[in-house]
Amino acid sequence: MEIIYSQALVIGGGLAGLRAAIELKERGLDVTVLSLVPPLRSHSSAAMGGVQAALATSCMGARDSVALHFEDTMKGGAYMSDPEVVNCFCNRVIDSVYQLDSWGVPWTRITAGRRVLSDGRVISESFESHGKIAARNFGGTAQWRTCYCSDTTGHNMMRALLRKAAGSGVKIIDRIRALSLISEDNRCYGVTALDLRSGKIRVFTSSTTLIATGGIGRIFKYSTNGSICTGSGQALVLQSPGGTLANMEAVQFHPTALVPSSVLVTEGCRGDGGYLYNSKMERFMEKYSPDKKELASRDIVSRSMILEERIGNAVENTWGNHFWLDIRHLGKEHIDRHLREVSENSICFAGVDPVKDLIPVYPAQHYAMGGIRTDISLSAQNYGIAGLFAAGESACWDLHGFNRLGGNSLGETVVSGELAAEGMCENFSNNGYTPSAAVITKEYKRQCERLVKLEEKAGSNGVTFSKLTFDLRSVMSRYAGVFRNEEGLKLAKKELGRILEKVDGAVVSKNFYSMSPEIENALECRGMILLAMTVVEGALARKESRGCHNRDDYPDMAEEYQKRTLTRWNNDTQSVMIDYEDVSLHV
Amino acid sequence: MYKKIKILRYKPGSETKPYFESYDVEPDGDTVLSLLQQIQKYIDPSLKFDYVCRSGVCGSCAMLINGKPRLACRTCLNEVKGSVTIAPLPGFLMLGDLSVDTGSYFIKIHNRQALNVIRSKQQEAELAANSNYENELMMHLYELDRCIECGCCVSACATVQMNADFAGAAELLNAWRLMSDPRDDRTNKDWYELYATDNGVFGCTALLACDSYCPKNIPLASSLASFRVALLKLGVRL
Ligand SMILES: Cc1cc2nc3c(=O)[nH]c(=O)nc-3n(C[C@H](O)[C@H](O)[C@H](O)COP(=O)(O)OP(=O)(O)OC[C@H]3O[C@@H](n4cnc5c(N)ncnc54)[C@H](O)[C@@H]3O)c2cc1C
Ligand code: SF4
Ligand code: SF4
Ligand code: FES
Chain A
1 MEIIYSQALV IGGGLAGLRA AIELKERGLD VTVLSLVPPL RSHSSAAMGG VQAALATSCM
61 GARDSVALHF EDTMKGGAYM SDPEVVNCFC NRVIDSVYQL DSWGVPWTRI TAGRRVLSDG
121 RVISESFESH GKIAARNFGG TAQWRTCYCS DTTGHNMMRA LLRKAAGSGV KIIDRIRALS
181 LISEDNRCYG VTALDLRSGK IRVFTSSTTL IATGGIGRIF KYSTNGSICT GSGQALVLQS
241 PGGTLANMEA VQFHPTALVP SSVLVTEGCR GDGGYLYNSK MERFMEKYSP DKKELASRDI
301 VSRSMILEER IGNAVENTWG NHFWLDIRHL GKEHIDRHLR EVSENSICFA GVDPVKDLIP
361 VYPAQHYAMG GIRTDISLSA QNYGIAGLFA AGESACWDLH GFNRLGGNSL GETVVSGELA
421 AEGMCENFSN NGYTPSAAVI TKEYKRQCER LVKLEEKAGS NGVTFSKLTF DLRSVMSRYA
481 GVFRNEEGLK LAKKELGRIL EKVDGAVVSK NFYSMSPEIE NALECRGMIL LAMTVVEGAL
541 ARKESRGCHN RDDYPDMAEE YQKRTLTRWN NDTQSVMIDY EDVSLHV
Chain B
1 MYKKIKILRY KPGSETKPYF ESYDVEPDGD TVLSLLQQIQ KYIDPSLKFD YVCRSGVCGS
61 CAMLINGKPR LACRTCLNEV KGSVTIAPLP GFLMLGDLSV DTGSYFIKIH NRQALNVIRS
121 KQQEAELAAN SNYENELMMH LYELDRCIEC GCCVSACATV QMNADFAGAA ELLNAWRLMS
181 DPRDDRTNKD WYELYATDNG VFGCTALLAC DSYCPKNIPL ASSLASFRVA LLKLGVRL
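Chains as they are written, first to last, in this note's numbering: chain A, 1 to 587; chain B, 1 to 238.
What the hints contain is simulated information worked out from the structure, not anything from laboratory work. Source: prediction; values computed, not measured. One or more of the hints may lead you astray.
[What the hints assert, rightly or not] The list that follows gives simulated cross-link-like pairs (lysine to aspartate or glutamate, EDC-like), each with its CA atoms no further than 20 angstroms apart: (1) K216(B) to E341(A); (2) K457(A) to D44(B); (3) K216(B) to E344(A); (4) K216(B) to D151(A); (5) K467(A) to D185(B); (6) K510(A) to E15(B); (7) K171(A) to D101(B); (8) K11(B) to D195(A); (9) K216(B) to D353(A); (10) K171(A) to E422(A); (11) K221(A) to D30(B); (12) K121(B) to E26(A); (13) K221(A) to D28(B); (14) K11(B) to E455(A); (15) K356(A) to D272(A); (16) K11(B) to D471(A); (17) K121(B) to D336(A); (18) K121(B) to E456(A); (19) K108(B) to D174(A); (20) K216(B) to D336(A); (21) K41(B) to D471(A); (22) K502(A) to E487(A); (23) K200(A) to D28(B); (24) K510(A) to D44(B).
Please build the complete structure, drawing on both the sequences and the hints.
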């Protein structure tokens, strides 16, 4: 057993992980980043829209301020966010955008002069603003506040951070999967990991550790998230003694995911004037949101679609029900210039050409507001595990409350990454590194034994991990989707319990080799089930509708639930324990 | 309609040499990636290939499809008539079946180009405070920054295959992108020393296979030409 020690260990090479690693390195710590995939492949690269930051540069954002950004975020989150966090974020994200600029992000700029918007309005950018970072309009904001790089903002941010990380001398190890936390007496000392190049278990110890492993989308059958977004970091924490997750039931669904692949069709389609139709070719949003129609917020459009489906107005198809998105009237030129990705994806995945055809869409899981519970310094110390931090989508320091504002999570990755690194530096100087060798060896052996057991049983009769994963995803999309109710959630709970009982006896196919995707899935299957259980239990216990959590049987918001849900895993009873924490309303 | 598909199988560290295996699949999706997913799901769950975004933005799924370097998630089945043969992208370390180590290749590029340029926080703040650039310039940089590091251009390039030390299109593109950026601290001299060489711009035979195979349609031909001209001009002055 080889032990690799780093002063600071970062799990995840997405935007949050890289931003933290750069800061740690620049503050003098030796840091190692472990990533499942080469960093640029992280799902951050798929983010298109942009970053909310109140730069107040554009004439359409001239009255913008930190206070307005604060208000939009609090309101969007159904007043469940931590106001102190929101305030800190709204201030810091402005500096972050400028810092990213100095690191080479090609932000779209303002060009002075008059411009006609797609709705016919005419705006005029001033001479002084010429050349400053531009902002675009996004749902749910009072001012134009979303800074962007054409339609690949996440990609460009990733490129800049990757170059910066290389320049700072950050050590990145890719193709490696963290499997478990090494911890003793509720303090984390690093992780065990499966090396996907050698198929061997490796041990990485550290004085301070960050989890930045992204979202949980892939515990749902239908999700816009990439294939590696399975919530594996959250699952590591949940399975470690004391580990606490928060607001796991708060899951955002995006109304326009392609059917059947669930690839995201950007909000830009509706922003630019696209229509949504039901099976009778009615613009059904006129009914549900007479003012904003298609431009209503994500959760309202998603809900409206499900309600339409319930009265039999969804288009039926062998792949599943869907609605139509129509952008034909925007014209070929506009689509080719501004919505190129939409065009390519529609042709490739749905066989339709948006210039002349309708696009089939249906809501799909998009973002997890919940995650590893931390305080405002991104530390999990007060939530069960010392020496552990979390940042980005995998964390819940509670910026988003019960609904994330579009464009707030890219900003969150860099702000929370930087803040976490500050906290980790402090943590490093305050804490000696003293895990007992026995603890490390025990965890290492446990993981090795899991692999041996999989190999011994490979090819024998029994339910496979891929079947269990498939079942789990179906249960989640069916019962823990846009609308939830007691009956469905209880069924889901029962089903997940059944799947959990089977997981210890599950097998892999005879063609065993330890760096195959099948083994990765086998090793993380249990964690995915437990994560799913926290979502279902949280949703079941929350007898109200709030933000993106909609209960058919409790359609109204209830004051008694103005609380943050905390979930832990009880290994003795093999069940999820729920607790609540008060949320404050003022800074 | 069943589709015949031949895949190169390879288990690193095992005795067996790479071999082709054939499958008959009834497609339930529209892309080559979906065929592979189907094989993984129903026939052989151990089949190894890389994908994350399934929408042409993460650069994971480049492979040789009927002899051409392409993204599996961006290759529609109706473009590949008849049977399909799939092999890993050549020119990179093989990690098992269709998975290759493009990650290490590209990290090395970033490390080579890093040049230990370290700015103080104050310099950074000054740069940020003076953030004023023409949108045209930013859009130009944006265009050159679209590379998803998939490796298609590298495996299409005959020069790389003959001379492993030749920089390759993606590296030269990235150098040109940084050199064109006024916010970047690396100097013209740095770029000259790194790439005005036979393994840099002068090694490129300008046959432009790279340009034809870039799945993001990045203008590699014109970018490489501009970079070469810029370095030549510098050579005269330096
Ligand atoms: C299609 C799409 C579009 C979006 N558009 C926007 C937008 O316009 N604006 C906005 O603000 N937000 C957007 N979001 C949300 C935003 O992109 C994400 O929340 C954010 O990028 C997450 O970044 P991250 O660094 O936390 O995680 P990720 O980028 O997902 O990175 C996770 C990292 O962890 C690694 N990892 C995972 N598990 C392990 C493990 N077990 N061991 C080792 N490494 C591991 C992975 O390799 C990866 O490097 C979008 C999301 C989607 C799905
Ligand atoms: S032009 Fe030819 S030699 Fe030059 S990088 Fe492209 S493929 Fe290689
Ligand atoms: S330049 Fe094009 S082909 Fe080459 S790695 Fe980048 S995206 Fe791929
Ligand atoms: S899976 Fe991301 S580019 Fe193909």
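Each hint, compared with the structure:
1. K216(B) to E341(A): holds (11 angstroms)
2. K457(A) to D44(B): Cα-Cα ~16 angstroms, so holds.
3. K216(B) to E344(A): Satisfied, since the Cα-Cα distance of roughly 11 angstroms is no more than 20 angstroms.
4. K216(B) to D151(A): holds (13 angstroms)
5. K467(A) to D185(B): The hint is violated at about 53 angstroms.
6. K510(A) to E15(B): Roughly 17 angstroms between the alpha carbons, so the hint for K510(A) and E15(B) holds.
7. K171(A) to D101(B): holds (17 angstroms)
8. K11(B) to D195(A): Cα-Cα ~15 angstroms, so holds.
9. K216(B) to D353(A): holds (19 angstroms)
10. K171(A) to E422(A): holds (19 angstroms)
11. K221(A) to D30(B): holds (19 angstroms)
12. K121(B) to E26(A): Judged against 20 angstroms, a Cα distance of about 10 angstroms means the pair holds.
13. K221(A) to D28(B): holds (16 angstroms)
14. K11(B) to E455(A): Distance ~15 angstroms between K11(B) and E455(A) Cα, so the pair holds.
15. K356(A) to D272(A): holds (17 angstroms)
16. K11(B) to D471(A): violated (29 angstroms)
17. K121(B) to D336(A): violated (41 angstroms)
18. K121(B) to E456(A): It is violated: about 55 angstroms lies between the C-alpha atoms, which goes past 20 angstroms.
19. K108(B) to D174(A): holds (13 angstroms)
20. K216(B) to D336(A): holds (14 angstroms)
21. K41(B) to D471(A): holds (13 angstroms)
22. K502(A) to E487(A): At roughly 23 angstroms apart (the allowed maximum being 20 angstroms), E487(A) and K502(A) break the hint.
23. K200(A) to D28(B): Between K200(A) and D28(B) the Cα gap is close to 35 angstroms, so the pair fails against 20 angstroms, i.e. violated.
24. K510(A) to D44(B): holds (9 angstroms)
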